[in-house]
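Read top to bottom, the protein sequences are chains A and B. Using our numbering, you'd call the opening residue of the first sequence number 1 and step up by one each time. Using our numbering, you'd call the opening residue of the second sequence number 1001 and step up by one each time.
Just so you know, the hints here were simulated from the structure itself, not pulled from any lab data. A portion of the hints provided could be inaccurate.
A few chain B residues facing chain A, derived, Cβ under 10 Å [claimed, not checked]:
1. L1026
2. F1028
3. T1032
4. T1049
5. E1052
6. V1062
7. R1097
8. Y1107
These numbers come from a predicted model, not from an experiment. Just so you know, even glycine gets a beta-carbon here, dropped at the ideal spot from N, CA and C.
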Amino acid sequence: DAKTTQPNSMESNEEEPVHLPCNHSTISGTDYIHWYRQLPSQGPEYVIHGLTSNVNNRMASLAIAEDRKSSTLILHRATLRDAAVYYCILRDRGSNYKLTFGKGTLLTVNP
Amino acid sequence: GAVVSQHPSWVICKSGTSVKIECRSLDFQATTMFWYRQFPKQSLMLMATSNEGSKATYEQGVEKDKFLINHASLTLSTLTVTSAHPEDSSFYICSARLAGGPSYEQYFGPGTRLTVT
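Hey, can you work out the whole structure from these sequences and the hints?
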């Protein structure tokens, strides 16, 4: 699987937008970009995914660069409950749906 | 939404004993389930892929005789840690993929914390 690079940690203030970056310069044409998050002592939770176009759902937005070598997860208004480790994962469309987790970004939300 | 449960949520066992962890998809059928292990302050590491009715596929470096996986039905997969040792102490997490669903629909359980004394 192609690798992703994320900052180890980021901080945000409550009710402010958060932009979580992810670099994936070796992405292939069949790789989907997935984002999951993991709250402390819990299993991961699906956030959003995309292939080429920007995506929006009730949790977040995903902005994908035109060359697909980077993407940004956008939380429009951070809440304290958004404090978690956010993982950016590339999944090949032809794979057996396996997810390979990297180190992720620890997001701290300040009140 | 789809819910995956794990039982027990935490377990303490003595060195040398075996412990079984259950992963259930509560309101959907899962042809594929995955088992992960997570050590403190580390990321999730995929251990094996479990397909209903067939043998599990283990990742490189994972001992199949030590971590027995059974996926006997579309809603239940079990992981048995045999002859557990303190180094097996970890957070074990399963996930389930919705049968016939879009490829992104993978749901995670809440995890099982295993402590081997």
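### Task
Hold the hint about Y1107/B up to the distance rule: shortest CB distance to chain A must be less than 10 Å.
holds (7 Å)
### Query
Quick one, is the V1062/B hint okay against chain A at 10 Å, beta carbons?
Status violated, d = 13 Å.
### Query
With 10 Å as the cut and Cβ atoms as the points, is E1052/B at the interface with chain A?
Constraint on E1052/B not satisfied, violated at 13 Å.
### Message
Interface hint check: T1049/B, Cβ to nearest Cβ on chain A, cutoff 10 Å. Holds or violated?
### Response
holds (6 Å)
### Query
Was the hint right that L1026/B lines chain A, CB cutoff 10 Å?
Violated, because the Cβ-Cβ distance from L1026/B to chain A comes to roughly 14 Å (cut-off 10 Å).
### Task
Grab the minimum C-beta distance from F1028/B to chain A and call the hint holds if it beats 10 Å, violated otherwise.
Status violated, d = 14 Å.
#### Entry: Restraint check, 10 Å cut-off on beta carbons, for T1032/B near chain A
holds (6 Å)
### Task
Please verify that hint: R1097/B, Cβ, nearest Cβ of chain A, below 10 Å or not.
holds (5 Å)
Hint violations for this structure: numbers 1, 2, 5, 6, all remaining hints satisfied.
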